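S.K.: Spelled out, the chains give:
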Amino acid sequence: MIHFVLLISRQGKVRLTKWYSPYSQKERTKVIRELSGVILTRGPKLCNFVEWKGYKVVYKRYASLYFCMCIDQEDNELEILEIIHHYVEILDRYFGSVCELDLIFNFHKAYYILDELLIAGELQEPSKKTVARLISAQDSLVETAKEQRSTISNIIAQATK
Amino acid sequence: MNPFSSGTRLRDMIRAIRACKTAAEERAVVRKECAAIRSSINENDHDYRHRNIAKLMFIHMLGYPTHFGQMECLKLIASAEFPEKRIGYLGLMLLLDERQEVLMLVTNSLKQDLNHANQYIVGLALCALGNICSAEMARDLAPEVERLLQFRDPNTRKKAALCAIRIIKKVPDLAENFINPAAALLKEKHHGVLITGVQLCTDLCKVSAEALEYCRKKCTGGLVRTLKDVANSPYAPEYDIAGITDPFLHIRLLRLLRVLGQGDADVSDLMNDILAQVATKTETNKNAGNAILYECVETIMSIEDNGGLRVLAINILGRFLSNRDNNIRYVALNMLMKAITVDTQAVQRHRATIVECVKDSDASIRKRALELVYLLVNESNVKPLTKELIEYLERSDQEFKGDLTAKICSIIAKFSPEKIWYIDQMLKVLSEAGNFVKDEVWHALIVVISNASDLHGYTVRALYRAFQTSAEQETLVRVAVWCIGEYGDLLVKNVGVLDIEDPITVTESDAVDVVEVAIKHHTSDLTTKAMSLIALLKLSSRFPSSSERIQDIIIQNRGSLVLELQQRSIEFNSVIEKHHNIRSALVERMPVLDEATFIGRRAGSTPATVSTSNGPSLNLPNGVTKPPAAPLVDLLDLSSDDAPAPSSSGADFLQDLLGVDLSPASKQPGISGTNQAPRTGTDVLLDLLSIETPPASPITDILSSSQVYKSPHASLEGLSSPSALSTRAATPAGAAPMMDLLDGFVPNSPISEDNGPVYPSIVAFESSSLRIMFNFSKARGNPQTTSIQATFTNLSPNVYTDFIFQAAVPKFLQLHLDPASSNTLPAGGNGSITQNLRVINSQHGKKSLVMRMRIAYKSNDEDILEEGQVSNFPRGL
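Line by line, the protein sequences give chains A and B. Counted from 1, the first sequence has number 114 at position 114 by this note's numbering; the numbering is strictly sequential. Counted from 1, the second sequence has number 1499 at position 499 by this note's numbering; the numbering is strictly sequential.
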């Protein structure tokens, strides 16, 4: 299973963290610090796997962002690379050629998409289209609620005029 | 009031934080935001609650504490609206983890949301549950999840399936509830449900034997069919990755088949065809295809034997291994590691390629390959493989050298066919990467060298050569110094030259040069320098003509700030200067170190190992650092075990080293001289010992007893001892009431009146042959210190000679032993030996005294050893 997902910028800034195994706040900070030290310093042509404390961390760099997933020794590293790519493609489709800034200002969206892709550290949906559909359905639920609220507040405002 | 519409303050906050140029600025911005959020929370502000949580999540990602927002997440979840719930659940998963008690409060909300009419709200709840649920929540909510596995909407079913995985991992007992619904998911067409269903079954089979049995019987056929369908499926744009339909599903199906086939030949048989098809037909020019092949190979390796398939799998790995992509090579090495237990021969065929991978520029690949090579080594290929690895050692990265060296040393030790090869290879490793070699490895090397008596000359010459080129490798220097100390004569005289050796001429002064370099080099540490000093002492006897030069070098360390070096230097200097007659006996070659004992001890990994091979140095009393609380017997055994020389010469050695002034003084005719000199010697010793090992008393006793019986003035014994004691009695610190002794001189001792409370005497030990009485006294104003006078009485009809009394006390006590009055105990109670002990009780008033003792003596030329424990000390000592 995937124990955690990290998105780290080339400067070592954390852009997304998702923990599927229990790590205390202290451990989380330590893990992030250690791993960014290892991963950011690796050369470009090396393999995408790092062995770390009995686990493996599969990472892949897209532009300025490193996508990292920590898995068990017996898991399929090549498949994790595919899952990372899958996630990136969905993000790309959602934001329309995604860049780091999209993920900074809309970090919650990145989390929502990840939650449609992974649960309990396992893959949930192999179809990009389905994920996109589910996200947009939920986004529109939020939009509707927002519109309703503004109309209600308008009515209230008019009524109390 | 949605926080995420443009112009809200979340965006502004992120901008403000990003605009910060320094960490301090950022902290200030965050502190201000947190203060605003806290006050908003205190005002119970509904409208901004979701915005606050959104901000806190961002702040949390930056690594600041955000615990104060946890309750706000719960409030958002409890609200009725979807937008609030959505952000609330996200906050819950990010800001909390399963170990926080706050999480328990959310169980009820989760339960309600799992039963909500809106499928998206159900989805949010399932997602949160799957990501952070604790065992208790798993128990409470398992029935809801079980029900949702049959929910009409497939997206809810797939989420419920993954939730169930978390639940059965937390509470394996719940597995049986999920077997039937999980198996039903395997028949689905929706890929999301199918892959989560397959995953759930895999995890069920891992935790429950019942589930495994069920799936083997009912599901294998269906799974094989599903895999066949997906493998042969026409182009499906929704699931296509690099021309393959849903590789994720492929991989999960293969994994479940592996679990089912393992240990079940019939089930394994059912899947042979499809595995062969996947292994041969999968496209391999893209990562997705390789991922499937990789999984397929692992399944083939794990299920019950099918020769043909295994050949196929190993061939795939061979192809992987020669792939240019590092990722593929990495997984190939990884898989070969598993394959090695199945088919060693097949893996051996790829040995050359694997060894090449050890030299890869990629640390992950190197590490894998090295571990694999380590498994591949056997008696037949150890020589070429070791050669290759050692050659690579020269070129490898610094950070890899540690691992590599450890593995090479381990291979050499494990598979070495003969001693000369072992020594040769170890010397190569030491010269290349001596600084990475662990202590136990070079200790073992010394043991092997010492056992290979026909190779001593060869080894010392090889080390001499290696030293000339690699003097910067600390462990090489140590081994070289040790060997030159032991076998320096063989080096100079070219004894035992083998045919393979190049002739070499080394003079005595060349050999001393090596040791001098070692002791003077600034990077040499204490161990190396101490070993060098011993080597010099040994050489001084082996090379009489260089003796003066050696002495000069030794003297230079007399002023060393390190006690160990200073002491050795002074002691060795006096050995060289004043004890020509015994020196050669003292520095005889080390007896052969017992390999079996060494290995046995190493397995026990006691700290004592270090001293075994460190040469005679650590037999010095202050080298034997031993926890003072250790039982007496251990302490004694250790010191006697470690003494390489016969015990009598060991005692001489100690005597000569420690009682520096002893022998000249004892040659003086005057009584006072005889008394004073040994006492100073002993006191110095006691002081030294008390620094590190308070209960190192055995040495004191060896010293004191030997000093007495070596004394030429046997007739003076009767006089000298009491007067020595009376001197002591007069000093306030050791105010012992030597009543029976002093009586002769001072009939009414005033000292006894000055003493503190009177304690009854006790019989500390009594056997059929020996009785020991203890008399106690305490000086006024110093309640911690107790003076004990021990009186030994011989109850047998034989005279005891070489009488030695030794004692040990637990850590909270400190023990000082004064010399005994004699070492001969007359028969039948016609006289006694007395000995004074001083015990300092650091826990006076809380703990009472306790002592173990051991008494050794000769009766009728027979060595007798008696042991006992004294626990009947009067209270208040």
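Calculated directly from the structure, the hints in this document are not laboratory data. All values reported here derive from a predicted model rather than from experimental measurement. Where is the CB? At the ideal position from N, CA and C, for every residue including glycine. It is possible that part of the hints are untrue.
Residues on chain A that point at chain B, a partial pick, calculated with CB under 8 Å [said to hold, decoys possible]:
| hint | residue |
| --- | --- |
| 1 | Thr17 |
| 2 | Trp19 |
| 3 | Phe49 |
| 4 | Glu77 |
| 5 | Tyr94 |
| 6 | Gly96 |
| 7 | Ser97 |
| 8 | Asp102 |
| 9 | Ile104 |
| 10 | His108 |
| 11 | Asp115 |
| 12 | Ile119 |
SDA-like cross-link-like pairs, simulated, lysine to any residue; straight-line CA separation at most 25 Å [claimed, not checked]:
| hint | chain 1 | residue 1 | chain 2 | residue 2 |
| --- | --- | --- | --- | --- |
| 13 | B | Lys1218 | B | His1190 |
| 14 | B | Lys1170 | A | Tyr55 |
| 15 | B | Lys1169 | A | Gln73 |
| 16 | B | Lys1338 | A | Gln73 |
| 17 | A | Lys146 | B | Ala1080 |
| 18 | A | Lys13 | B | Arg1031 |
| 19 | B | Lys1021 | A | Lys53 |
| 20 | B | Lys1169 | A | Arg28 |
| 21 | A | Lys53 | B | Lys1359 |
| 22 | B | Lys1407 | A | Phe105 |
| 23 | A | Lys13 | B | Pro1065 |
| 24 | B | Lys1032 | A | Tyr55 |
| 25 | B | Lys1032 | A | Phe105 |
| 26 | B | Lys1367 | B | Ile1390 |
| 27 | A | Lys26 | B | Met1104 |
| 28 | A | Lys13 | B | Ala1035 |
| 29 | A | Lys30 | B | Gly1063 |
| 30 | B | Lys1359 | B | Glu1304 |
| 31 | B | Lys1217 | B | Glu1188 |
| 32 | B | Lys1169 | A | Pro22 |
| 33 | A | Lys128 | B | Glu1188 |
Per the computed footprint, the stretches of chain B lying under chain A, defined by three or more beta-carbons under 8 Å from a beta-carbon of chain A, are [said to hold, decoys possible]:
| hint | stretch |
| --- | --- |
| 34 | 1076-1085 |
| 35 | 1160-1166 |
| 36 | 1236-1242 |
| 37 | 1386-1394 |
S.K.: Could you tell me which of the hints above the structure violates, numbers in ascending order?
M.R.: 5, 6, 7, 8, 19, 22, 24, 30 and 37
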